[in-house]
Structures are given as C-alpha cells and as structure tokens.
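Assembly of the complex is requested from the two constituent chains, each provided in isolation within its own frame, with the hints serving as guidance.
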Amino acid sequence: MANQTTETVRLMIDGISISVPKGTLVIEAARQAGVMIPHFCYHPKLKPDANCRMCLVEIERVRKLQTSCSTVATEGMAVRTATTVVNDAHKSVLEFILANHPLDCPVCDQGGRCDLQDFSHQYTATSRFAETKRIFQKEYFSPLIETQMNRCVQCLRCVRYCDEVMDVKALAPIGRGTMTEIKSFGNHPLDCEFCGGCVQICPVGAITSRLSMYEYRPWMLKRADTICTFCGDGCQITVQTKDQELIEVNSAHSGGRNNGDLCARGYFGFHAASHPDRVTHPLIRRNGTLVEATWEEALLFVAEQTNRIKQAHGPQAFGGLISGRCTNEELYLFQKFMRLTIGTNNLDSSARYGHVNGVQAMRRVQGTHRWTVTFEDIVQADVLLLVGTNITEANPITGLKVKEAVKKQEATLLTIEALQPAVGTISNITNLSKQHLCVAPSQFGAAVLGLLKAVIEGDHVDPGIRQRASDYVSALSHAVRQIAWEDLAVSTGISSDSFAQMAASVVRGRRVVVLAGQILLRSQGGYGMCLNLLDLLLLSGKLTSPGCGFAPLAEENNDQGAVEMGAVAELLPGALDLTDQDSRDRMARAWKEELPLVPGGTLIEMVDRASAGIIKSLFVVGENPVGSLPSQIRAKEALSKLDLLVCQELFLTETAALAHVVLPAASAMEKAGTFTNTEGHAQAVRPAIDPVGDSRPDWEILSAFSVFLGAPLEYGEAKEILKEIRSVIPGYGSLGPSPIAPTADPSAIDRYVTEGYRHDVAIRYTLPPRAVRQEGTVQLGLVQSLFHSGKFSTHSKGLLQIEPSAFLQMNPVDAARFALGSGDRVRLSNNRGQFITTVKVLERVPEGLAWLPDHFAQEALRLFDCVIDPDTKVPSFRTATVSVLKAT
Amino acid sequence: MTFKAWIRTITFYELVVGMKATMSHLLHYKPITMQYPHEKRALPDNYRGMLSLLRYDDGTEKCVGCDLCEAACPSRVIRVVSAEVPGEPTKRYSKEYYMDMTRCLFCGLCVDACPVDALGMTREYEWSVYDKRQLHLNKEQLLAIGDRSFPVREKQLELQHPNVAFFNVAFKHLPQKPD
Ligand code: SF4
Ligand code: SF4
Ligand code: SF4
Ligand code: SF4
Ligand code: SF4
Ligand code: FES
Chain A
1 MANQTTETVR LMIDGISISV PKGTLVIEAA RQAGVMIPHF CYHPKLKPDA
51 NCRMCLVEIE RVRKLQTSCS TVATEGMAVR TATTVVNDAH KSVLEFILAN
101 HPLDCPVCDQ GGRCDLQDFS HQYTATSRFA ETKRIFQKEY FSPLIETQMN
151 RCVQCLRCVR YCDEVMDVKA LAPIGRGTMT EIKSFGNHPL DCEFCGGCVQ
201 ICPVGAITSR LSMYEYRPWM LKRADTICTF CGDGCQITVQ TKDQELIEVN
251 SAHSGGRNNG DLCARGYFGF HAASHPDRVT HPLIRRNGTL VEATWEEALL
301 FVAEQTNRIK QAHGPQAFGG LISGRCTNEE LYLFQKFMRL TIGTNNLDSS
351 ARYGHVNGVQ AMRRVQGTHR WTVTFEDIVQ ADVLLLVGTN ITEANPITGL
401 KVKEAVKKQE ATLLTIEALQ PAVGTISNIT NLSKQHLCVA PSQFGAAVLG
451 LLKAVIEGDH VDPGIRQRAS DYVSALSHAV RQIAWEDLAV STGISSDSFA
501 QMAASVVRGR RVVVLAGQIL LRSQGGYGMC LNLLDLLLLS GKLTSPGCGF
551 APLAEENNDQ GAVEMGAVAE LLPGALDLTD QDSRDRMARA WKEELPLVPG
601 GTLIEMVDRA SAGIIKSLFV VGENPVGSLP SQIRAKEALS KLDLLVCQEL
651 FLTETAALAH VVLPAASAME KAGTFTNTEG HAQAVRPAID PVGDSRPDWE
701 ILSAFSVFLG APLEYGEAKE ILKEIRSVIP GYGSLGPSPI APTADPSAID
751 RYVTEGYRHD VAIRYTLPPR AVRQEGTVQL GLVQSLFHSG KFSTHSKGLL
801 QIEPSAFLQM NPVDAARFAL GSGDRVRLSN NRGQFITTVK VLERVPEGLA
851 WLPDHFAQEA LRLFDCVIDP DTKVPSFRTA TVSVLKAT
Chain B
1 MTFKAWIRTI TFYELVVGMK ATMSHLLHYK PITMQYPHEK RALPDNYRGM
51 LSLLRYDDGT EKCVGCDLCE AACPSRVIRV VSAEVPGEPT KRYSKEYYMD
101 MTRCLFCGLC VDACPVDALG MTREYEWSVY DKRQLHLNKE QLLAIGDRSF
151 PVREKQLELQ HPNVAFFNVA FKHLPQKPD
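Chains A and B, in that order, give the protein sequences. For the record, in the first sequence the residue sitting at position 807 is 807 according to the working numbering, with numbers rising by one throughout. For the record, in the second sequence the residue sitting at position 150 is 150 according to the working numbering, with numbers rising by one throughout.
For the record, the hints were derived by calculation from the structure and aren't laboratory data. Take these hints with a grain of salt, some might be off.
Unchecked claim - Listed next, the in silico DMTMM-like pairs over lysine to aspartate or glutamate satisfying Cα-Cα at most 25 Å (straight line):
(1) A:Lys242 to B:Glu84
(2) B:Lys139 to A:Glu131
(3) B:Lys139 to A:Glu215
(4) A:Lys138 to B:Glu61
(5) A:Lys242 to B:Asp58
(6) B:Lys155 to A:Glu131
(7) A:Lys797 to B:Asp58
(8) A:Lys138 to B:Glu88
(9) A:Lys797 to B:Glu88
(10) A:Lys138 to B:Asp58
(11) B:Lys95 to A:Glu215
(12) A:Lys242 to B:Glu96
(13) A:Lys183 to B:Glu88
(14) A:Lys797 to B:Glu96
(15) A:Lys222 to B:Glu96
(16) A:Lys183 to B:Glu84
(17) B:Lys95 to A:Asp694
With the rest of the complex left out, here is chain B (with noise of 0.2 Å):
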C-alpha cells in the first residue's frame, strides 16, 4: 500500500467524495416527487395509453370488422365478431368487438394493423379498477373512450374518390331481395 492510499484510508477521503454529490444536490437541487393525483406530469406525443374505437364526422363507425387487429395482437387482447351492417348488404363492420385490456402490453401493434384508422391510443392511464373484469371492455365502451378523446374526426371518405383505395362501400340504393 502506498503513503497515499494509506493517507486516504484513514482520513475516509473517498466518503467525502461521495457525499460531496449528495451534499451539493442538497443545497441546488428542488424536490422531484410530485404530488399524484394532485399534480400531473406532461405526457409526451407518441404516449401509448389506453386503446379506443373511433368515428368518422358523421358519427359511423370506422371499424371494418376485417379481424387484421385480432391477428396483430401478440397477446390476444381482442376478439371481434365481423357481420354485415343490417340494411346495407354487402357493408361489413363489427358486430361485436372485445378488449381484455389485462393482458395489453401497448405495443400499438393492433393500431399499425387497422386498415382503416379505426384504433387510436389514447392518453388516458388511469384505469385502475378494483375488479379486473373491468378491463374487458366492449364496442360501446372503447367507441365511448375515443368519442372523449379524439373529439375531432376523420371525415368519411367519398364512394368515387379518385385512385383511392376504397373499400367497405355502402350500397344504400341496392335492390333488396325481391319477395
């Protein structure tokens, strides 16, 4: 050992290094702790929270029922149950759709998936529930999540929008079944 290790040894020199960090934040440094639920933080752009189902201006429903979010989920969150729109032959949507939000990771992956936008992340997180049968949530619930978060809509596309790739068209005006 040399004089100067021994040196500092004894008079705990590396001690006092360590405290000095601790000591200056003392004095500069203002509390970070912040008071949940009082205070709030700031969320940043691309925060991924709780999912919901959006709507066109007119109020329709975006969701296609086409099932590609039900095969992107790695975690088997959603169930959708596809039919067609009764009354407009050949319109398809979703029947019924489910979200077992136990089980989300909110990777986004289902959103990326949706052909049709119909998926947004919004910023709520706080969905904490006594029961977790809470989390599964039903069309009319995650359509009631979006409606309060994306107040503003996308506008329902036009049937003959020139070289865009249409689809899900209603057929208001087809020749029903004749008796």
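For reference, chain A alone in the conformation it holds in the complex (with noise of 0.2 Å):
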C-alpha cells in the first residue's frame, strides 16, 4: 500500500520557498522551484544511489556539501545549489571523469544531447590530468545494444533500471574503480528482456542502440509523440525520423501510460512499418494473378462488383473483418460502412480471438465493457491475483506495473500459471509471486473453481452479498460443493491447503485486482472463467471497492478500441447491445439511418457462411484469418469461393495472396487517429512518416468506397469521425494523461445476482475434462512471445535479430526424456498432422508442456483442435496434444 502523506515541508532553495511532499527529495523539490542540480546516478525511478557526487549541494547548518539526489527536504532547510563552493565541487567531480573520458563527442549517438557535454560546457571543466587515459577491451555486446565502455561514468543507472525496474537482472558492473565495466552477465553475448531501458538512461553514450547505430545526429531528428502498435498496453512512444526513415524510438519519462518504459516490441520494433515487402501499390486479380493498378481503377472494379452482388444476393452476402491494430477512427467507420453502405451485421474484429470473453463477462456481471481500476490501481494494490498471464511477455508494461506493486509498495502477488518459477534471461513474474499455482492451461478453470470452493467453503462469503443475494451465493455454494477436493486436486495437482490459503490472501486484500490474461481469455471455456473471477470479486466483496477489480487483459494495441466502436457483430458503438431497441434507435437517430435487423455473423460464422456459399464477398481490413485461423475451419477453401475478396493491408498476407482486389494501407506511424489501451484509456496516434507508396490510411479508403458505392461517408481528416464518435459516445476519449475508470453498475449487478447468473451457473461450475496424457506426447501450447506480436512484428528487422524463427520451449525433464537438446530438430505430430521446428530448453516450462510462440506458429496451426465458445462465438485453439519425436 502507498503510504500517501499530504503533509509537506517548506524550504528554500537559491532563495526561492517551495513546499514540497515529505519525504521528497531535496533534487526533485529543486526540480519543482525550476533549479536543476546536475546529476548521473539520480533518476527518479530508481533508488538514490549517491555513486556520481555531481548533485552535491551546499545546505545550511550542515558542514558538508551533501548529495542532493539522497538527501530528503526538511522543513525550513536552506539549501544554496550555485554557491562558490559547489561550483568548485562540480567542476572538480567533472574533472575526474573527463580524466578517463575519451571525448569521442563527434562519432558518439548521444553527442548532442548528453549529460555529461552538457555539464562541461556548463562549468567549461577540462580536466588537468594528463595521464593516460583506460581503455576498455571491445568485446562483442549484443545484436541490438552496443557498449562503448570508455564513456561510462560509472553512474549505474543501467544496472539499477534493470535490476529495480524491469527485474531481469543482465548487466552488472565489474572490476573496480576507474575500472568499472558494465557487462553482462556470464560469460556470453548479453541476452535479456531488450526492452532498451539501459539505452534510454545511460547520461552518456556509453549504451547505444545498435539499430541506428551512427545513421543520425540527434538535431537532425523529427519528432512524432504516437502510440505503439503491438500489445494493449498502448506506451506512448516518441519515434524519431530523419527524411522520411524511421530512425529511433524512445519514450519520455513521465510521458503516456508506461512513464517511459518501453518493451522490446517497442524500442527495437518500429522498423515494420518500413519493410521492403509492404504492398506499395493497388493490386487487381486478372488472368489469375495480382496485377498493379491505379487506385480509381481498383474502387471502381470493387464498386462495379459490390453492387453487382447487391442486386444479385443482397446485404446478407457480405462480410466483414477488421484488424484491432487499426484505429478507433477506422473501427467506427468500417462498422458504420458494414452497417449503412452495405446493410449488413456481418462484421467482427480480432478482439474476436478472446478479448470479447473479458469484455462480455463484464458486461454481463458489472455492465460496464471496461476495467474499474487502472493501471495506478495495480501499482497501489495490496493483493493482485493473475491467472493465465505470463505477463512480462503478453504485457509486459502492465508486468511492470505489477512489479512496481510488489517490489516498491509490497503487495502480494498471487499467479495462478502454467509458468514455473525459474532464473532465466528474461524476467519472470511467479519468481515474484507470494503463492503460485503452477497448472496446466487447460486446468485453469479448475483452478479458479478451487479458489472460489476455498472462498465459499472457507467462510469468506461477504456478508453484505449474502445477505442481498442469498439465492445467487447458495447456488454457487451447492455448485461448488458438487466439486469434490480430490477431483480438483486430481485435475490441478494442487491440495485444499493451498487454494484455502491463496483465498484467505484474496479475501484479506483491501485493493484486489484480478488480471486475466489471453492464455485464460483465448482458452477454452474462458467466458466462464472471466465470469467466475467477477463471482470470486463480487463473493469476497470486492466487486465495488475502490481500487478493485477485474482486468483482463487486451492482446492487441486496440482490440478495446474494437469492442467499444461496435466493430464486432453484436455490439453498436459504445459497446451497445444490437438487439436491445432503444441503442438501436439511438444509433439510428445519429446516422439519420435505420440500422440493419438481421443479427451479424462473427468471425467463424461467416468463414463457415462463405464456405457455405451464402456470404458471397468479404472486406478485410488488416485481418488475416487464412493465417491465424487452425486449418480445421477451412478459411482458405471457404474464402478462395468468394467471388469478391477485398484486402486492405500492408503486407501480402495469406489471405491477401487470396484477394481479387488488395489495396495498399497506411501503417501507425503513417496517419492520425486514436487507440484505446487495455484499461480503456484512448490516446492519440500521430503520423511520424508520410504513407509508404501509394497507401493510404484504411479510412480514407473505406472513405472513397462509400463515395464509389453511391453512398457517400465523407470525412476530411481522421479528427472529423472522432468528432462523430464523441457525439455518438458522449465524452469518448477523454485524451488526458490518465483514465477514468468507470465504476461497476449497481443495478447490472443486481440483475445479475439475481437472473443473470442462472442460466450457465451449471455448466460453468464444472470441472473442464481432464486430458489423459500418453507416453511419449506432450501438451503443445501456442504462446505470445515477449519479442514479437502477431504477424506484424516479423516484418521487423530488430525483432528478428533477437528471435529469427520458432522454437518449441520445453523443459529440461521432458527434453531429457525425449533425448533432445536446444538446437535439436524435433517433429511434433498428431492425428491432424506434423510440424518440425527446433527446440530450446527452458526451465520456466513445466513438465508435460510444451510452448510454441504463436507468431510463426502458421505451419503447426494444423496440429490445434478448434472449439467455439456457444455464448460469445470465441473460437478457442490454443492447446493440442502431440507426440514428440526427434528428427534429424
């Protein structure tokens, strides 16, 4: 818990008065009076250090000069940054470093913006010494991140980032004194979380990025503040161009909702958008193959073609996908095109893929379709539960998040995962947990039945729910009682003992956040379970405190984007319901328009409609469901029988290579509009680069097709349909530098206590079936890894310096059972079909399991069972059993 204070102190400095929060330190609270204290080692998100002395300060009835970056305000203090006597002292820390400095300012990335330049030109030291100055040995650093040791200052900033901010530990200061060297750990090139936080807090250029490595100077540069496009998380990033090429991205401290820290994703991955293979221009089918053409001459044969549909088989023969990387602008206006120019509800997104489970379930048990709590919420917790998250790779800002909470304010982390405790390159969020369940995904369910069994047969039930609802909690407690602990502890391997402690821990909590992640959203049964921790939150009366709440977790940058503009079949803008009259009229009341009636297809609906020859004609927006799709729904064969496919997208994907028409889009860093991150925060995306070719952002073009189709959708720029939203959804996007969270609905919650649960409550409280696993097979899980996202991220070319291509993970028991080491090819088969890839042993993998990164999983796709989710149309393929043969 964060020990708050609003008492403050008073105190001077350089004769300016200022009161500041106690506890502040004397370096920040000079900050506030507009005094900078030249500083290395400080950095307000690490823990003072005091290493450098170059913050040293004169204060009043103090004899000596003391370090401002770890000295704390006091009331009445008197403190004199500019005297003689510090001035002295400065130039003389200065001196020394200049000593060993090489003053390679001219070849250096960071010159022009360095501390260290910075400082000496401000007191104009040079050093006296004229000793030879140390150099260090070179030695190979990385494939992404260089050191040049001989500028190092010896500030530790880099190691503290690592160690106290991103928990992974890989660099560490060697020899001593002016020797000091900060290298990786163990003797091998540096292999970490690359989330290039050492590069952004080096003061000098002693880290660089290798990526740009000497491409650029920094006055050279042209600044875009934009959100990143991979995960939910939605950092704010500053991506940095010089003509026209994309040349670094950094993210200013306290600047967006990660405050300036940033993953692999996004410091190494901006250069996707600037691959070769983007698709540059219109291309049309003819003679069977994809042909340049102009852009009139592609809306035109699209236009000809839709209304030819039209007239022959009507509104129902269109369908709709739309990829959540686009922007709320685009979301809304492909809905708006579906549902006026073409008259259909045929329309779904990729939030599809799991993050409607979350969404659903909290619409249905609180009625609102976003988080109650925010990200400050999780770093002010006391108790946070995760379940079905490896967090640091699925989202790893909200992972910091949920570090901060624990290493800084103490909270006790509760992880219900299939990850196992382990020292590994990158960090690992159960080596941080109070208690961990290690379970299998697909037990999860099981797991989270376990606890709510604890809760309720521990007694823990709130007494204000019971009391209100008496009928909902004794149907939960019959239904849990229907569960025996020997089946649970058969289907989990975990004992009562422990589900009964991990309860008291959730129950005991006075901020409790639940975070769900995508192995439990995209699994199967991952309605029920969203539903089951929002019956967990509301039992132990946590539903309606402040700072509790459930929070699953987004996958890609704006699938919340998706579900609140209504982009999925059975939501209206603002996440309405479509069947419900009075959103229907009020929709209609802003278009001037009447909503179609007939209700809409999702995703797998209308895969199975085109193969069924009822839908006749897709537009796909950045959506690939020939790849991402296991090769059990057919989408190639149902999508080839389509007498109009029309791709927008940057690359020629699978589905693309499909197309009778593909038209070339705009990436992120190419146009304007807004994301919605995963706690509902909608942040704006600002173009850093003109559009690639001849692409043009996806609604312009849907745009243009609305004009072609002789229904005009007009808008001038992206700001004019946010304008539209905003009158649609009152106050969307509030813009500001935090969200507001909403709070749970009472009366959503009423109806849910007493009808709303009903229907599933059976079906929901049973155990999920228990996988008999064989001699010789294990159970293969597609997984999201920390360095890529999806597709998109494979076109980068710093991403694929770290991680080229797939690898099955697996851990060192299994590998020995099956006589494998890392780098051995192995051959995954079942009775669906093989899948060779190259195995690396990892221990944070348990026994019996076996992880294969989703993003380059397109060739194993064929080995997944896929299974439908009856309530929100979630198709669910994430775990298949195989059987594990080395192959040479």
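Take a look at the structure:
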C-alpha cells in the first residue's frame, strides 16, 4: 500500500521558497522550484544511489556538501546550489570524469543530447590530468545493444534500472574503481528482455542502440509522439525520423501510461512499417494473378462488383473483418460502412480471438465494458491475482506495474499460471509471487473453481452479498459443493490447503485486482472463467470496492477500441447491444438511417457462411483469417470460394494472396487517429512519416468506397470521425494523462445476482475435462513471445535479430526424456498432421507442456483443435496433444 | 569670388592637378593587367580555395562522418550520410559525402568545425564549368582534390596514444556475432 502523505515541508532553494510533500528529495524539490541540479546517477525511477557526487549542494547548518539526490527535504532547510564552493565541487567531479573520458563526442550517438557534454559546457570544465586514459577491450555485446565502456561514467543507472524496474538483472558492474565496466552477466553476449531501458537511461553514450547506429545526429531528427502498435498496454512512444526514414523510438519519462518504459517490441520493433515488402500499389487480380493498378481502377472494380453482388444476393451476402490494430476512427467507420453502406451486421474484428470473452463477462456482471481499475490501481493494489498470463511476455508494461506493486509497494502477488518459477534470461513474474499455483492451461478453470470453493467453504463470503443475494450465494455454494477436493487435486495437482491459503489472501486484501491474461481469455471456456473470476470478486465483496476490479488484458493494441467502436457483430458503438431496441434507435437517430435488423455473423460464422456460399463477398481490413485460424476451420477453402475478396493490407498475407483486390493501407506510423488501450484509455496516434508508396489510411479507403458505392461517408480528416464518435459516445477518449475508470453499475450487478447468473451456473461450475496424457506426448500450447506480436512484428528487422524463427520451448526433464537438447530439430505430430521445429530447453516450462510462440506458428496451426464458445463465439485453439520425436 | 579663384577657373587649374597624377603614372608605372590564363598570381598563404577531403598517411579517409561540418555550414553546402564502416564494427565514417559548391561562400567554417581535420581548403580556384551540376561533388571527387592538393599527409593516430582525445578507433579484432 502506498503511504500517500499529504504532509508538506517548506524549504528554500537558492532563495526560492517551495513547499513539497514530506519525503521528497532535495534534487526533486529543486526541480520543482525550477533549479536544475546537475546529476548522473540520480533518476526519479530508481532508488537513490549517490555514487557520482555530481549533485552536491550546500545546506545551511550542515558542515559538508551534501548529495541532493539522497537527502530528504526537511522543514526550514535552506539549500544553495550555485555558490563558489558548490561550483568548484561540481567542476572537480567533472574533471575526474573527463580524466578518463575519450571525448569522442563527434562519433558518439549521444553527442548533442549528452548530460556530460551539457555539464562540461556549463562549467567549462577541462581536465588537468595528463595520464593515459583507460581503454577497455571491446567485446561483442549483443545484436541490438552496443556498449562503449570508455565513455561510461559509472553511474550504474543501467544496472539499477535493469534490476529495480525490469527485474531482469542482466547487467553487472565488473572490476573496481575507474576500471569498473558494465557487462552482461555470464560469459556470453547480452541475452535479456531487450527493453532498451538501459539505452534510454544511460546519461552518456556508453550504451547505445545498434539498430540506428551512426545514422543520425540528434539535431536532425523530427519527433512524433504516438502510441505503440503492438500490445494492448498502449505505451506512448516518440518516433524519431530523418527525411521519412524511421531512425529510433524512445519514450519520455513521465510520458504516457508507460511512464517512459518500453518493451523490446516498442523499442526495437519500429522497422516493421518500413519493410521493403510493403504493398505500395493497389493490386487487382487479372487472369489469376495480382497486377498493379491505379486507385481509380481498383475502387471502380470493387464498386461494380459490390453493386452486382448486392443486387443479386442482397446485403447479407457481405461480410467484413477488421484488425484490432486499426485506429478507433477506422474501426468506427468500418462498422458504419458495413452497417449502413452495405447493410449487414456481418462484421467482426480480431477482438473475437479472446478479448470479447473478457468484455462480455464484464458487461454481464458489472455492466461496464472496461476495467473498473487503472494502472495506478495495479501499482497501489495490496493483493494482485494473475490468472493465465505470462505477463512479462504478453503485456510487459502492465507487468512492470505489477512488479512495481510487488517490489516497491509490497503487494501480495498470487499467480495461477502454467509458468514455473525459474531464473532465466527474461524476468519471470512467478519468481515474485507470494503464492504460485502452477496449473496446466487446460485446467485454469479448475484452479479458479478451487479458489471459489475455498472462498465459499472457508466462510469468506462477504456478509453484504450473502444478505443481498442469498439465492445467488446458495446457488454457487451448491455448485461448488458438487466439486470434490479430490477431483480438484487430480485436475490441478493442488491441495485444498493451497487453495484455502490463496483464498484467504484474496479475501484479506483491501485493494484486490484480478488480471486475466490471454492464455485464459483465449482458451476453451474463457468466458466462463472470466465470469467465475468476477463471481470470486463479488463473493468476497471486492467487486464494488474502490481500487478493486477485474482486468482482462488485451493482446492487440486496439482490441478494446474494436469492441467499444462496435466493430464486432453483436455490439454497436459504445458497446451497446445490437439487439436492444433503445440502443438501435439511438444509433439510427445519430446516423439518420435505420440499422440492419438481421443479427450478424461472427468471425467463424462468416467463414462457415462463405464456404456454404451464403456470403459472397468479404471486406478484410488488416486481418488475416487464413493465416491465423487453424486449418480445421478451412478458411482458405472458404475464402477461395468468394466472388469478391477485398483486402486492405500492409503486406501480402495469406489472406491477401487470395484476394481479388488488394489495397495498400498505411501503417500506424503514417496516420492519425486514436488507440484505446487495455484499461480503456484513448490516446492520440500521430503520423511520423508520410504514407509509404501509394498507400492510404484505412479510413480514407473506406470513405472512398462509400463514395463509389453511392452512399458517401465523407470525412476530411480522422479528427472529424473522432468528433462523430464523440457525438455518439459522449465524452469518448478524454485524451487526458490518465483514464477515469468507470465504476461497476449496481443495477447490472443486481440483475446478475438475481437472474443473470442462473442459466449457465451448472456449466461454468463443472471441472474442465481432464486430458490423459499418453507416453511420448506433450501438451502443446501457443504462447505469446516478448519479442513479437502477431505476424506484424515478423517484419521488423530488429526483433528478427533477437528471435528469427519459431522454436519449441520445453522443460529439461521432458527434453531429457525425448533425448533432446537446445537446438535439436523435433517433429511434432498428431492425427491432424505434423510440424518440424527447433527445441529450446527452458526451465520455466513445466513438465508435460511445450510452448510454441504463436506468431511463427502458421504451419503448426494444423495440429490444433478449434472449439467455439457457445456464448461469445470465440474460437479457441490454444492447446493440442502431440507426440514428440527427434527429427534428423 | 576672389581673384585667386577666378584665375584658377580660367586656367583650368584643377584639371592640370588631376592630369598631373595621370601623366606621372603614364611615365613611371608598368602595366598591371595580368595575362590570365598565361600568367597567374602568387596566392597568399591563407588563401581559401576549393574544398577537399583528406586522408591519413596510410590512405584511410580522415572523415569520421560526424556531420559537424554539415551543422556548421551556413549555406547548406554539405550533406553527410554516416554509417558504420563495413567490417569494422563501432567505427564511424561517411558512407556518402556531398558538397554543392555552387552555394559555398568559402567561409571555412566547415574546416574549423571538423574535429579530425578531414577537410582542407586547397589553392584551387579554376572551377568554372558550363553545367553547374558539375559543381555538385561527391566523396570520391573531394578526396581526389585532396590527394592532388595535399601530397604530404598526416600520420594516422595510434590507438594507445597517451592522453590524446582518441576516438573512432577500429576494433579490428572485435569478435563478430556468433551465428
Ligand atoms: S535492454 Fe532492458 S533488460 Fe536488457 S540489459 Fe538493458 S535494461 Fe536490462
Ligand atoms: S553504462 Fe551508462 S548508465 Fe551504465 S554506468 Fe555507465 S554511464 Fe551509467
Ligand atoms: S508492445 Fe506493449 S508493452 Fe511493448 S512497447 Fe508496445 S504497447 Fe508497450
Ligand atoms: S566554406 Fe563555408 S559555405 Fe563553404 S562549405 Fe564550408 S562552411 Fe559551407
Ligand atoms: S566535420 Fe569532418 S569528420 Fe565530421 S563529417 Fe565533416 S568532414 Fe567528416
Ligand atoms: S546524482 Fe547525486 S550522487 Fe549522483
């Protein structure tokens, strides 16, 4: 728990009187007073280390100079930062640093934005030392990060960042005195999370990015503050460009929801947009091959075909798919285009792959479509329950918030995950957990039930809810009683005591946040598990308490936006129900046109209808069903049957390769708009470069279509669409520094506890089937990798250097069982097919499981079964049982 | 008008005074027009002529691609495209270097800015061309000018030179990324 204090102290800094909260460091107080005290080792994110002595100041009634970065401001303190004594001290510190500094500013990538340069300039410091400078032997450091230790000022910010913030501990100071050198742990090149944090935090040019090395000087760069396009955390990034060339990405400290921290995808993944394989011209299929065409030809062709199909088969012969990587404006316009211009509700987005499960559960239980908590609540939580998320890899920045809560605020972390605590090259969240239940993904549901059973049977049910909704409580009590502890123990391998202990921790917490990750959301029964987790919060009386809530984590950057913009079949903008007459009327009034009545088909339904010949034409915006769905769905066959397949794409994906028309779309680096992150915060996206080739933003393409189809949806710029969104969803996207989380709607909760819970309790409260694992097989799971996000990141040259291809992660015991070692080729097969890949032995994988990163898994998808959720229609294809054989 | 002034006016006295200087020059001075291009003037030592890029004694280019000349130039003559030296990790050089001499005002600021003395102002001035695009020079051309104008080259810095601001040192034995 944060000890937030409102007590303040008043002090004088260089004659300026200022009052600051108690506990503020002098250097921070000075900054607030507008006085910059030079410093190297101090950084607001890190614990004071006071090793560089650059920040010395004079404090009245204190005999010696004090380091302002480690001195806490006290009442009545008088600080002087610019006296002769202080200046001399600063100068001599600089002199000692310069004694060994190579002064290679002209070739240093930091030159022009370097603290040492600035301070030397400020104090006109030169070094009187005439001795030989130290020279470190240069060694190969890593593919993406370069060190130049001759330049190091030994402030240890990098080491402390990697340890305190990232919890990776990849760097270490080696040697003593001036010969201290920063190296990666172990006798090998740096192998870490590649978050780029050490590059950003180094005050000099001792650690630099290899990706754009020597290609620029800081003063040449043009900056654009925008939002990362990979995961749902929605980090703010500053993209720096030089003449339309993407040079580097960083993130301002105290900027955005990420507070300046990034992950490898955000920091090193930006080159995906400028990949040479981008589609730069419209393509039309002529005589079986895609040939270049002009925009007019392409749009005209699509318009003619669309009109023909519409006349012959009506609007229900159309369908639309859009990617959750598009902006809110595009998602909104897309659903408006499908619903009004075409006249069908057959539309879906990539939120269907899992995020819909979380959102629908929240809508049903608490009446919101967003989290009732924010990142700040995660940091301030005293109990955090993580279910089904390797958060470090899936949502790294939310992961940092969890780490901050645990490491700085001493929150209790409880985890239910397949991950095993182990020391590895990237941080492992279960290492920090107070109690970790290691459960196979197929049994997450059982673990959640175990927890519920422990809450109910341990008599932890909140008296309020017991009184208010006795039926609900007794129904659930009855349901959990049907489940025997023995069965639970067999399913999960966890004893009733452990469940009881975890339940007690949850109940004891005052600010409890439950984070549900993609592994849970995307697995079979994900919707039910979300509901059960919400039940858990309800029963323990936490659902409506401030700082408590349920937080499903979005995988794609704008999955949340896709749902809120109504880019799914069953929802209208504002996540209103399509079947609800009031909502329909509201939208019809806003759009001045009636909405189509026929309920729309979702992703899988559309594919099925296409293969049945009911859907004749599909508009696909940045989505790739052929590449992402398991072969069992037969998306390729279905889409080949279409009369008209239009793809707006960056790259010629598997789906685009089947298209009749491919239109070049602009990436997020090239357009304006907004993204809504996983906590429901809408943030501005700004263009960093001009659209590549002939590509145009998706909303422009859709707008042009509508004009050609004779029902114009015309907008001059993305802002006009946002204005319309605001008129439909009042106050959408406050664009402020932090989101205002909605509160759970009491009437929705009432509805849920009286009637809403009833119809599926029996189904939700049964143990998931137990798979009997045969000898020679493992449970294969698709997981998210830290270094990639979807297929998009596989076009980024930086990320490909860290992780160039698919590999199978396996536990050492299993590997030994199959006589495999890291780097061996292995053949995975089941009755559906086979797949050959390379093995990587990792201790964090539990025995009996094997993981495959999902962005390279195209080929492997044929091994997976696909189960469709009956309520939310989410296709789940995350696990498969395969036999393992060493391939030669 | 005084009598004296009247006499001066009627005798064209001012004219005579003026012509005196002319006459004396006519008799005493030799012609000063030079028969360029047959004759050429001796240039002063600090003459600022055509720019050039220089090399060290071992033939390596001095330029480290730091872009400082580009930043210093008031008329945007210079464009540097810097990069890592192929095969010599962590060493910087200018992959491409252009000077648009049509715009140069021969101020010499670029020469001053260069931290490694890679630029030199030669004593060449005969650079009139029929097509001004020929004055857009690339790195090879500028190095060639340097080669012919500065035959005596500076010695390449030693890596372990005591207390010298050393930089841009190649790490020839740097282990490459293991495959
Ligand atoms: S990139 Fe990040 S994880 Fe890797 S060493 Fe630097 S701070 Fe640590
Ligand atoms: S590498 Fe940079 S951040 Fe790390 S100790 Fe040296 S100067 Fe400080
Ligand atoms: S991928 Fe996610 S965590 Fe990483 S920088 Fe982008 S938004 Fe942030
Ligand atoms: S001499 Fe002056 S004008 Fe000419 S290139 Fe150099 S800095 Fe520019
Ligand atoms: S200043 Fe000198 S070293 Fe730097 S780019 Fe110009 S010529 Fe090259
Ligand atoms: S900043 Fe205070 S000692 Fe380094």
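Right, here's what the structure says about each hint:
1. A:Lys242 to B:Glu84: Holds, at roughly 17 Å.
2. B:Lys139 to A:Glu131: violated (37 Å)
3. B:Lys139 to A:Glu215: holds (17 Å)
4. A:Lys138 to B:Glu61: holds (23 Å)
5. A:Lys242 to B:Asp58: At roughly 34 Å apart (the allowed maximum being 25 Å), Asp58 (chain B) and Lys242 (chain A) break the hint.
6. B:Lys155 to A:Glu131: With a Cα-Cα distance of about 22 Å, the restraint between Lys155 (chain B) and Glu131 (chain A) holds, given a limit of 25 Å.
7. A:Lys797 to B:Asp58: violated (36 Å)
8. A:Lys138 to B:Glu88: holds (12 Å)
9. A:Lys797 to B:Glu88: holds (21 Å)
10. A:Lys138 to B:Asp58: It holds: about 24 Å lies between the C-alpha atoms, which stays within 25 Å.
11. B:Lys95 to A:Glu215: Holds, at roughly 10 Å.
12. A:Lys242 to B:Glu96: Distance of about 16 Å is within 25 Å: holds.
13. A:Lys183 to B:Glu88: With a Cα-Cα distance of about 21 Å, the restraint between Lys183 (chain A) and Glu88 (chain B) holds, given a limit of 25 Å.
14. A:Lys797 to B:Glu96: Since the Cα atoms of Lys797 (chain A) and Glu96 (chain B) sit roughly 23 Å apart, the hinted pair holds (cutoff 25 Å).
15. A:Lys222 to B:Glu96: holds (21 Å)
16. A:Lys183 to B:Glu84: The given pair, whose Cα atoms are some 22 Å apart, holds under the 25 Å limit.
17. B:Lys95 to A:Asp694: violated (29 Å)
Hints 2, 5, 7 and 17 from the earlier list are contradicted by this structure; the remaining hints agree with it.
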